[in-house]
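J.: Each chain is listed here by its residues.
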Amino acid sequence: MNNIIKKFLPQILAVLFVVLIFGFLTINAQTNMDNRGIDFGFGFLSQESSFDVQFSLIEYSGSDSYARAFLVGLLNTLLVSFISIIFCTILGVIIGVARLSSNYLIKNSAAWYVEFFRNIPLLLQIFFWYYAALRALPLPEKANAWFGVTYMTVKGYYIPAMVWENLNVFLYCGLAAIISIIVLRNYANNLRDTQGKQIPVLLYSIALLIILPLLSFLFGGVSLEFELPQLKKLSKISYIYEGGISLPPELIALVLALSLYTSTFVAECVRAGIEGVSKGQKEAAASVGLTPNQVLKLVIMPQALRIIIPPTTNQYLNLTKNSSLAAAIAYPDLVLVFAGTALMQTGKAIEIVSITMLTYLTISLTIAAIMNWYNKKIEIKEK
Amino acid sequence: MQTINFLKPNRDNIKNYSIIGSFLVLISLIDVISNAFLKTNLTSFLHGSLSSLFPLILGLIGLNMMRIDYSGNKTLDKLNKNINTNNFNAVLTLLILFSIIKALPPSLSWMILDANISGDSKDACTGTGACWTYIKVWFRRFMYGMYPNEFHWRINTAFILVIALGFVGYFMKENLKKYLALYYVIIYPVIAYLVIYYLISGGSFGLQWVETGAWGGLSLTFIVSFFCLIFCFPLGMIFALGRRSNLPAIKYISICYIEFWRGVPLITVLFMSSVMFPMFLPEDFFMDKLVRVIIAITLFEAAYCAEVIRGGLQSLPRGQYDAAKSLGMGYWKMHIFVILPQALKLVIPGIANTFLALVKDTPLIFVVGLAELAGMLALAKTNPKWLGFAMEGYIFASIIFWIICYAMSKYSYNLEAKYKTER
Numbered sequence: 067m068n069n070i071i072k073k074f075l076p077q078i079l080a081v082l083f084v085v086l087i088f089g090f091l092t093i094n095a096q097t098n099m100d101n102r103g104i105d106f107g108f109g110f111l112s113q114e115s116s117f118d119v120q121f122s123l124i125e126y127s128g129s130d131s132y133a134r135a136f137l138v139g140l141l142n143t144l145l146v147s148f149i150s151i152i153f154c155t156i157l158g159v160i161i162g163v164a165r166l167s168s169n170y171l172i173k174n175s176a177a178w179y180v181e182f183f184r185n186i187p188l189l190l191q192i193f194f195w196y197y198a199a200l201r202a203l204p205l206p207e208k209a210n211a212w213f214g215v216t217y218m219t220v221k222g223y224y225i226p227a228m229v230w231e232n233l234n235v236f237l238y239c240g241l242a243a244i245i246s247i248i249v250l251r252n253y254a255n256n257l258r259d260t261q262g263k264q265i266p267v268l269l270y271s272i273a274l275l276i277i278l279p280l281l282s283f284l285f286g287g288v289s290l291e292f293e294l295p296q297l298k299k300l301s302k303i304s305y306i307y308e309g310g311i312s313l314p315p316e317l318i319a320l321v322l323a324l325s326l327y328t329s330t331f332v333a334e335c336v337r338a339g340i341e342g343v344s345k346g347q348k349e350a351a352a353s354v355g356l357t358p359n360q361v362l363k364l365v366i367m368p369q370a371l372r373i374i375i376p377p378t379t380n381q382y383l384n385l386t387k388n389s390s391l392a393a394a395i396a397y398p399d400l401v402l403v404f405a406g407t408a409l410m411q412t413g414k415a416i417e418i419v420s421i422t423m424l425t426y427l428t429i430s431l432t433i434a435a436i437m438n439w440y441n442k443k444i445e446i447k448e449k
Numbered sequence: 015m016q017t018i019n020f021l022k023p024n025r026d027n028i029k030n031y032s033i034i035g036s037f038l039v040l041i042s043l044i045d046v047i048s049n050a051f052l053k054t055n056l057t058s059f060l061h062g063s064l065s066s067l068f069p070l071i072l073g074l075i076g077l078n079m080m081r082i083d084y085s086g087n088k089t090l091d092k093l094n095k096n097i098n099t100n101n102f103n104a105v106l107t108l109l110i111l112f113s114i115i116k117a118l119p120p121s122l123s124w125m126i127l128d129a130n131i132s133g134d135s136k137d138a139c140t141g142t143g144a145c146w147t148y149i150k151v152w153f154r155r156f157m158y159g160m161y162p163n164e165f166h167w168r169i170n171t172a173f174i175l176v177i178a179l180g181f182v183g184y185f186m187k188e189n190l191k192k193y194l195a196l197y198y199v200i201i202y203p204v205i206a207y208l209v210i211y212y213l214i215s216g217g218s219f220g221l222q223w224v225e226t227g228a229w230g231g232l233s234l235t236f237i238v239s240f241f242c243l244i245f246c247f248p249l250g251m252i253f254a255l256g257r258r259s260n261l262p263a264i265k266y267i268s269i270c271y272i273e274f275w276r277g278v279p280l281i282t283v284l285f286m287s288s289v290m291f292p293m294f295l296p297e298d299f300f301m302d303k304l305v306r307v308i309i310a311i312t313l314f315e316a317a318y319c320a321e322v323i324r325g326g327l328q329s330l331p332r333g334q335y336d337a338a339k340s341l342g343m344g345y346w347k348m349h350i351f352v353i354l355p356q357a358l359k360l361v362i363p364g365i366a367n368t369f370l371a372l373v374k375d376t377p378l379i380f381v382v383g384l385a386e387l388a389g390m391l392a393l394a395k396t397n398p399k400w401l402g403f404a405m406e407g408y409i410f411a412s413i414i415f416w417i418i419c420y421a422m423s424k425y426s427y428n429l430e431a432k433y434k435t436e437r
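Each protein sequence line maps, in turn, to chains Z and G.
Start counting the first sequence at 67; every next residue gets the next number (my numbering).
Start counting the second sequence at 15; every next residue gets the next number (my numbering).
These are calculated hints, taken from the structure and not from any lab test.
Please read these numbers as outputs of a predicted model, since none were measured by experiment.
By construction, the Cβ of each residue, glycine as well, lies at the ideal position given by its N, Cα and C atoms.
Hints may contain errors.
Which chain Z residues face chain G? A few, computed with CB under 10 Å, are given here [said to hold, decoys possible]:
hint	residue
1	F74
2	S175
3	L409
Calculated pairs, BS3-like style, for lysine-lysine (alpha carbon to alpha carbon, straight line, at most 30 Å) [stated by the list, open to error]:
hint	chain 1	residue 1	chain 2	residue 2
4	G	K22	G	K92
5	Z	K443	G	K265
6	Z	K208	G	K136
7	G	K95	Z	K173
8	Z	K173	G	K88
9	G	K347	Z	K73
10	G	K116	Z	K221
11	G	K424	Z	K173
12	G	K95	Z	K345
13	G	K339	Z	K73
14	Z	K302	G	K399
15	G	K339	G	K359
16	Z	K73	G	K265
17	Z	K363	Z	K345
18	G	K399	G	K136
19	G	K395	G	K136
20	G	K339	Z	K72
21	G	K395	Z	K221
22	G	K22	Z	K173
23	G	K116	Z	K208
Stretches of chain Z that chain G covers, calculated by requiring three or more beta carbons in the stretch to come under 8 Å of a beta carbon on chain G [said to hold, decoys possible]:
hint	stretch
24	75–85
25	93–104
26	182–195
27	390–402
From just these sequences and the hints, can you work out the full model?
T.: In structure tokens, the structure reads:
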């Protein structure tokens with residue numbers, strides 16, 4: 067009897083506590099909304115949004131619905147996260163390897179890089195790039211060309227746009243290349259396991275990736291042209307670039323700040339991963355007769371990656387969540403477009419904030435679930 | 015094969031080689047220095063890009079001539095081992111040295127030589143460098159926000175009192191030490207709250223009332239992070255224990271709580287606290303925005319704290335639990351006297367990292383309209399009398415935050431070393 071009380075009483079109390087809190091909040095919300103004449107519901111999503119968004123990946127205008135505005139914001143968030151993840155990985159790997167260098171200067175510069183960028187709040191870094199550094203860039207008419215065809219100006223970065231013909235044929239060829247690489251890999255693994263023969267898979271894969279899309283240009287009727295940004299005079303003093311793609315300064319500032327900040331954490335993960343592989347592994351592999359390349363590829367990297375990947379994915383997740391700071395410099399991401407402008411117009415605070423939070427929660431939990439599955443898969447299976 | 019190795023020294027001729035080599039490196043450095051500081055190109059007789067590559071090539075040859083496995087000369091061996099192990103390393107060494115030299119003059123002249131700090135208006139800034147006058151004039155605003163100037167002593171006194179009370183633990187008598195946890199978890203937060211409420215807010219004891227809207231600057235950063243810090247730790251401990259509990263209801267409530275807060279960005283939590291939370295409160299119940307923000311950040315950081323503490327709990331060997339149970343200890347006795355003291359010792363670095371993240375997150379309260387340092391900078395930047403000094407402002411704020419965060423991270427390393435127990 068005593069045991070049963072000990073077991074169930076705390077649980078019942080805890081559940082009761084949670085139910086009471088939620089009930090209290092819900093009743094309050096109900097009365098508050100009744101008093102103010104607001105009704106709860108998600109019907110507003112299909113209404114006309116009637117606001118404009120500065121920068122959007124898909125076509126969007128004021129006559130589209132709030133649901134589409136949500137999609138615009140979500141895509142912008144994913145875009146800035148994706149670009150930043152690529153840059154922070156490249157930077158992080160370089161810095162992480164540099165921290166292990168035998169060269170005193172390189173090691174210490176890398177260490178100071180990490181200490182410097184890690185200890186300044188991300189918001190200040192974003193503000194610094196956006197309000198201070200990028201504002202010092204030249205006006206469009208005074209900008210010098212970078213790489214001959216791109217222009218870095220105070221109004222954004224202008225790059226050539228690609229004009230495709232028969233893009234789908236090209237994409238099919240790329241898909242075919244990827245599928246054939248997977249097949250080839252399986253075949254090579256099979257061959258190695260059954261007959262002990264090695265095929266240079268990497269070489270073949272690269273060749274496939276280049277040749278198949280190239281064939282689509284020669285025989286598939288695919289053509290690619292570049293549309294260059296051209297300087298155009300709007301009025302006496304105001305110039306603008308036309309044509310090409312323009313990346314707004316908000317995006318550039320965000321990508322710079324996010325990738326510099328996150329790269330320090332990625333660098334620490336990489337360093338810990340490489341340091342985590344014991345020296346004996348390398349020596350043992352070499353003494354079995356593997357070449358240095360094989361040692362790196364077959365022994366060191368698989369073990370280092372097992373340590374590196376889980377925390378690095380966590381950092382990517384943090385980066386995606388941190389990209390919501392975009393709202394502070396008016397980059398139209400999910401928070402600004404939806405939890406900012408749309409909320410202001412509809413006044414549906416509860417619905418909109420919940421949708422925004424749930425979206426981020428879904429992204430986080432999905433990636434966490436994939437990571438758990440991956441960790442289970444690569445776990446060392448001890449007997 | 016002698017001809018190929020003509021730049022390779024051996025132990026007999028290393029003296030001559032190292033002298034020539036260091037001479038070549040010296041020339042290359044002098045070339046870069048004169049280029050950076052005096053803006054004169056010593057190698058202008060060379061053609062175009064060759065002129066800019068000249069010091070690199072010269073330095074590389076010099077370093078190549080100095081490289082030897084073992085020379086017997088301590089300085090040379092140390093140099094070779096640390097910056098000159100192979101050609102690739104030598105190039106990187108030279109590039110880093112050159113870029114430091116190149117970056118020095120412009121940053122020096124901007125920050126110090128051409129900068130202004132005298133005067134008290136924008137007109138005083140005549141140089142091409144930074145305008146530190148701006149920081150000097152706005153310094154009080156950056157530190158105390160819109161808090162009235164004549165009352166700044168109240169903020170200072172409150173901070174000194176709170177810090178002094180925090181050190182009480184160090185000077186406590188031996189027989190009172192067992193109440194230390196009680197003091198820090200319950201009594202200290204209450205006293206700190208009262209001190210800050212009565213001194214900074216005012217309203218009684220003849221002190222004038224200053225509403226929280228006027229609070230701001232770095233002092234607000236400290237207030238917010240201080241309260242979140244002392245509240246999120248006990249809350250995190252509860253959820254960490256809850257997640258490790260055998261009782262399914264408690265376990266799943268804790269998991270839901272932790273995963274929810276860890277899955278959303280802080281900025282949406284702040285939005286929630288400022289626009290959504292008032293809807294959930296009773297009609298005539300008013301809660302100050304600052305209080306709402308502190309609650310939101312506390313709930314948010316508690317989830318991270320909980321995960322860190324859970325890591326500590328998990329890393330304790332099972333034997334500790336078994337031993338405590340076999341002594342007849344109940345759940346609470348076991349945790350308070352055996353498990354938590356060991357687990358908390360293990361997670362000190364992790365907790366310090368969470369607190370560091372918390373301090374770095376506080377500027378975010380700017381998005382809901384609380385003017386701490388980043389907010390004051392935005393305000394100062396748009397002041398018509400002081401346009402165009404964004405750079406100085408953000409560099410100033412970055413330096414301040416960098417010092418705070420760097421000191422915290424170094425301190426956490428020290429704590430880690432201090433509390434390390436051999437197992």
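J.: Decide, hint by hint, whether the structure agrees.
T.: Okay, the hints, checked on the actual structure:
no.	hint	verdict
1	F74	8 Å, holds
2	S175	6 Å, holds
3	L409	7 Å, holds
4	G:K22 to G:K92	18 Å, holds
5	Z:K443 to G:K265	26 Å, holds
6	Z:K208 to G:K136	28 Å, holds
7	G:K95 to Z:K173	13 Å, holds
8	Z:K173 to G:K88	21 Å, holds
9	G:K347 to Z:K73	17 Å, holds
10	G:K116 to Z:K221	29 Å, holds
11	G:K424 to Z:K173	19 Å, holds
12	G:K95 to Z:K345	20 Å, holds
13	G:K339 to Z:K73	17 Å, holds
14	Z:K302 to G:K399	28 Å, holds
15	G:K339 to G:K359	21 Å, holds
16	Z:K73 to G:K265	13 Å, holds
17	Z:K363 to Z:K345	15 Å, holds
18	G:K399 to G:K136	7 Å, holds
19	G:K395 to G:K136	12 Å, holds
20	G:K339 to Z:K72	16 Å, holds
21	G:K395 to Z:K221	20 Å, holds
22	G:K22 to Z:K173	27 Å, holds
23	G:K116 to Z:K208	25 Å, holds
24	75–85	holds (count 6)
25	93–104	holds (count 6)
26	182–195	holds (count 11)
27	390–402	holds (count 5)
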